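Protein chains in written order, with this note's numbering: chain A, 1 to 489; chain B, 1 to 348.
Since the hints were derived computationally from the structure, they do not count as laboratory data.
Keep in mind it's a predicted model, so treat the numbers as computed, not measured.
One should not assume that every hint holds.
As the list claims (entries may be wrong) - Computed list of lysine to aspartate or glutamate pairs in EDC-like fashion (alpha-carbon distance at most 20 Å, straight line):
(1) Lys153/A to Glu145/B
(2) Lys110/A to Asp187/A
(3) Lys23/A to Glu35/A
(4) Lys141/A to Glu193/A
(5) Lys99/A to Asp251/B
(6) Lys99/A to Glu253/B
(7) Lys191/A to Glu246/B
(8) Lys99/A to Glu243/B
(9) Lys119/A to Glu136/A
(10) Lys110/A to Glu246/B
(11) Lys149/A to Glu104/A
(12) Lys87/B to Asp187/A
(13) Lys435/A to Asp151/A
(14) Lys191/A to Glu243/B
(15) Lys99/A to Glu145/B
(16) Lys119/A to Glu138/A
(17) Lys99/A to Asp234/B
(18) Lys87/B to Glu138/A
(19) Lys191/A to Asp76/B
(20) Lys87/B to Asp329/A
(21) Lys435/A to Asp187/A
(22) Lys110/A to Glu12/B
(23) Lys87/B to Asp171/A
(24) Lys99/A to Glu246/B
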Amino acid sequence: MTGKGKSRWADSAEDAALEAQLKKEKEEKKRLKAEKARKAEAEKKKREAEAAAAAQRQQQQQQTGDDDDANGPPAKRRRLSPDRDVAAAPTASSNDSSKLLRFEGGRFGKCRSVENYDKLNDIEEGAYGWVARAREIETGKVVALKRLKIDPKDRSGLPVTGLREIQILKDCSHRNIVKLKEVVVGDDTSKIENIFIVLEFLEHDLKSILEDMPEPFLASEVKTLLLQLCSGIAYLHSHYILHRDLKTSNLLLNNRGQLKIADFGMARYVPDPPPPKLTQLVVTLWYRAPELLLGAARYGPEIDMWSVGCIFGELLTREPLLQGKNEVDELTKIFELCGLPTDESWPGFRRLPNARSLRLPSSSSSSSSSKPPSTGALIRAKFPLLTAAGVSLLASLLSLNPSRRPTASEMLEHEYFRQDPKPKQEAMFPTFPSKAGQEKRRRRETPNAPQRGQKVQDLGQVDFSSLGGIFGSGREREERGGGFSLRMV
Amino acid sequence: MSHMVNPLATPEQLYQRRSFGALPTELQDTIFFSTQCLTQAAGLLLQLPQSVTAQANVLLARYWLVEPMMSHEFSDISAASVYLIAKLSPYPRSPRDLALVYNYLLSPSSTFFHPSSAPASDDSQPPPPPPSPPTNIPNDYYLPEHVYNSFHTRLLRCESRILYALSFDTHVSLPHPLAITYLQALDFLNTSKSTISKRTLAYLNTALLSPQMLYLTSQPNALAVAAIYNAAKDVGAKMPECEWWEVFDVDREELGFLVVGMRSVDGWGRKMREDVERMKAGTESGSKRGGMITRRDIEGELRRRGISLGNGDDGGNTGVGSEEPVDMEAEMARRMDEKMAEIEGSAS
Numbered sequence: 001m002t003g004k005g006k007s008r009w010a011d012s013a014e015d016a017a018l019e020a021q022l023k024k025e026k027e028e029k030k031r032l033k034a035e036k037a038r039k040a041e042a043e044k045k046k047r048e049a050e051a052a053a054a055a056q057r058q059q060q061q062q063q064t065g066d067d068d069d070a071n072g073p074p075a076k077r078r079r080l081s082p083d084r085d086v087a088a089a090p091t092a093s094s095n096d097s098s099k100l101l102r103f104e105g106g107r108f109g110k111c112r113s114v115e116n117y118d119k120l121n122d123i124e125e126g127a128y129g130w131v132a133r134a135r136e137i138e139t140g141k142v143v144a145l146k147r148l149k150i151d152p153k154d155r156s157g158l159p160v161t162g163l164r165e166i167q168i169l170k171d172c173s174h175r176n177i178v179k180l181k182e183v184v185v186g187d188d189t190s191k192i193e194n195i196f197i198v199l200e201f202l203e204h205d206l207k208s209i210l211e212d213m214p215e216p217f218l219a220s221e222v223k224t225l226l227l228q229l230c231s232g233i234a235y236l237h238s239h240y241i242l243h244r245d246l247k248t249s250n251l252l253l254n255n256r257g258q259l260k261i262a263d264f265g266m267a268r269y270v271p272d273p274p275p276p277k278l279t280q281l282v283v284t285l286w287y288r289a290p291e292l293l294l295g296a297a298r299y300g301p302e303i304d305m306w307s308v309g310c311i312f313g314e315l316l317t318r319e320p321l322l323q324g325k326n327e328v329d330e331l332t333k334i335f336e337l338c339g340l341p342t343d344e345s346w347p348g349f350r351r352l353p354n355a356r357s358l359r360l361p362s363s364s365s366s367s368s369s370s371k372p373p374s375t376g377a378l379i380r381a382k383f384p385l386l387t388a389a390g391v392s393l394l395a396s397l398l399s400l401n402p403s404r405r406p407t408a409s410e411m412l413e414h415e416y417f418r419q420d421p422k423p424k425q426e427a428m429f430p431t432f433p434s435k436a437g438q439e440k441r442r443r444r445e446t447p448n449a450p451q452r453g454q455k456v457q458d459l460g461q462v463d464f465s466s467l468g469g470i471f472g473s474g475r476e477r478e479e480r481g482g483g484f485s486l487r488m489v
Numbered sequence: 001m002s003h004m005v006n007p008l009a010t011p012e013q014l015y016q017r018r019s020f021g022a023l024p025t026e027l028q029d030t031i032f033f034s035t036q037c038l039t040q041a042a043g044l045l046l047q048l049p050q051s052v053t054a055q056a057n058v059l060l061a062r063y064w065l066v067e068p069m070m071s072h073e074f075s076d077i078s079a080a081s082v083y084l085i086a087k088l089s090p091y092p093r094s095p096r097d098l099a100l101v102y103n104y105l106l107s108p109s110s111t112f113f114h115p116s117s118a119p120a121s122d123d124s125q126p127p128p129p130p131p132s133p134p135t136n137i138p139n140d141y142y143l144p145e146h147v148y149n150s151f152h153t154r155l156l157r158c159e160s161r162i163l164y165a166l167s168f169d170t171h172v173s174l175p176h177p178l179a180i181t182y183l184q185a186l187d188f189l190n191t192s193k194s195t196i197s198k199r200t201l202a203y204l205n206t207a208l209l210s211p212q213m214l215y216l217t218s219q220p221n222a223l224a225v226a227a228i229y230n231a232a233k234d235v236g237a238k239m240p241e242c243e244w245w246e247v248f249d250v251d252r253e254e255l256g257f258l259v260v261g262m263r264s265v266d267g268w269g270r271k272m273r274e275d276v277e278r279m280k281a282g283t284e285s286g287s288k289r290g291g292m293i294t295r296r297d298i299e300g301e302l303r304r305r306g307i308s309l310g311n312g313d314d315g316g317n318t319g320v321g322s323e324e325p326v327d328m329e330a331e332m333a334r335r336m337d338e339k340m341a342e343i344e345g346s347a348s
């Protein structure tokens, strides 16, 4: 594994040194692993012995349990099924002839107090609440505490977004999704005002790494990050969860190169097919899909895939891809990058509520001779260093027509990830100084996710006919199409 | 997988229920049953789908295994669980909707738990003085603003209390969709699809009311299989000869327990309705017979039985002590009356 990596990556002296260091670390790890394996072996034997004992005990219990049934008050006696399930889970096979699946759903009980944690330092005060690094006193484990923002004047009770976030994170279990450990409350339980979500702590978020790194990620690193992001999203979408606020500041990275999706404040369960009316005001503006900007109330997992496209672009350049100042500007930037939608490329887009106010060049005016450049061509111009497969992936993610975007699981199979350079192993990732661990972060100037209940902005009358002229005259080689203005009619 | 499983009650929680406060178990059962019925009635009036109301039922049952029943008014906890589940569902309801519905259900004009609305069970008791059928007096359920405000405040307090008690885990998996899937797998046992499906769902819905808390002791797959078994028996459908329940990962013992548990709810329910009526008749003045049971009714009942009950606000560590000095009891009754005054003032 190491040898393969060497040939591809050890191309500078610095890399070689790093490689050597990593190798040393790896050997150390290998040794530890071997030791661990030995221990695990021993433990496994022990467990097996225990399991056998448990099975015996359980059988006895069952017998005595039956006796109890005969003696005790029949209807009142509660079967101790959860208890038995725990014991039966590992030994179900040894039970009797038929193997029955045992479902373990956990249990329920009161929240613990936040006093079980020691605060270490603040990480962030964001639009959705305050986050701090803390240590669990009992175990010494470092976690992230996120405080649920509650407006005491809000007479609708606990915010539904916060409750959804908790429920969704509780339901999720995937290596690329941040793990929720528990929910704790302030010490005064007569009034539940201070609610903290205890999350696993990761050292970085992708946004601040991108801001501070002197060189962009290597192609192999971009692939690893994208693959992890994508497998997390594939998990979410296969569980009918839309994240609805994917952006680099919501992607966390630990020092072992592992990426995890965080901040489910906008997420929700969405059945397939999606219900007819979902809130349109989701996703931070720079990552918002065109159909949302055009006012679609019925949307699906494709909006997350658009955000993935924006993140892809950002990973390549370290700059957010589409930094619109407002909805109209965002849409302009999108059309600049991806070309204008046509009835062929996106049938039906004209029926979206806000599309009526767009003035697009009619298809007849852009004559067949000067066909507008495809999204792929425009993207190739913007990312000259990206391989053909990379361009095709990015272009498909940034398809204006949502149905043309690949699903997360389709994306995982994309040619781009199989081409050289291969995705870098997570363990080989460079490490970065952790801001969350040590110091306060500076406030960012990225726009925030939309607030619930905000008014959806009306685009008003927007004239894109000038854009058509620009694109129509074949400005493919230009990386940036500035120099035109947007007229509000 | 999380869509098919529920967190279950631990044996300790089930055991602890016996020691909560000084409430005798049959009173706890009565409270449980009538409050779950109230929740269902509210769900109907709020036009919520049964999938939402049933989740509220389960949430409420869980809550009462963690916190003592007497710490909040039963109807408030019921309203809060409906409010909370509806909020998280695609069918949110406003606090005012809930206030109106619960205010109506608790008013003398509603048919909820009024003797005349009870299913005929005439042979059991000497007939009580002929109950006047509830006449619709709009003034009974007029909702003044201050009453709404205090309901709203209590609703929010109960909501956060429920969330706190359940560690913010609001996940409830219902057996209903599973049951239909299983029926499809069984080819509806070669009977009328709608008949056996309806019967199955009826068993599942009835099981929500069972003080045995079947939804907290069994996973959805077991509930679904037991309901199908009962329904098949009722409609006389022929079940497979083999131990078909094992295909759905239910063992014979659990199935047997659930089958009996589900079948007993009906008779149990009738008895409990009578208990409620008797209790109401004992405490209320003649004009307001029947209706939803309240904490005050329970306190009155306890007094009659000579059992003293602590404040019930916290811990529930008061023991059974019938030898309390009389003035203590009077003092307590006075305090309760004061506390009830605000609620009472609103109800009429």
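Evaluated hints:
1. Lys153/A to Glu145/B: holds (18 Å)
2. Lys110/A to Asp187/A: holds (13 Å)
3. Lys23/A to Glu35/A: Holds - the C-alpha atoms of Glu35/A and Lys23/A are around 18 Å apart, at most 20 Å.
4. Lys141/A to Glu193/A: Distance of about 25 Å is beyond 20 Å: violated.
5. Lys99/A to Asp251/B: Distance ~10 Å between Lys99/A and Asp251/B Cα, so the pair holds.
6. Lys99/A to Glu253/B: Distance ~15 Å between Lys99/A and Glu253/B Cα, so the pair holds.
7. Lys191/A to Glu246/B: violated (47 Å)
8. Lys99/A to Glu243/B: holds (13 Å)
9. Lys119/A to Glu136/A: holds (9 Å)
10. Lys110/A to Glu246/B: violated (34 Å)
11. Lys149/A to Glu104/A: violated (32 Å)
12. Lys87/B to Asp187/A: violated (26 Å)
13. Lys435/A to Asp151/A: With a Cα-Cα distance of about 29 Å, the restraint between Lys435/A and Asp151/A is violated, given a limit of 20 Å.
14. Lys191/A to Glu243/B: Distance of about 51 Å is beyond 20 Å: violated.
15. Lys99/A to Glu145/B: violated (60 Å)
16. Lys119/A to Glu138/A: holds (13 Å)
17. Lys99/A to Asp234/B: violated (29 Å)
18. Lys87/B to Glu138/A: violated (35 Å)
19. Lys191/A to Asp76/B: holds (16 Å)
20. Lys87/B to Asp329/A: violated (35 Å)
21. Lys435/A to Asp187/A: violated (29 Å)
22. Lys110/A to Glu12/B: holds (14 Å)
23. Lys87/B to Asp171/A: holds (18 Å)
24. Lys99/A to Glu246/B: holds (8 Å)
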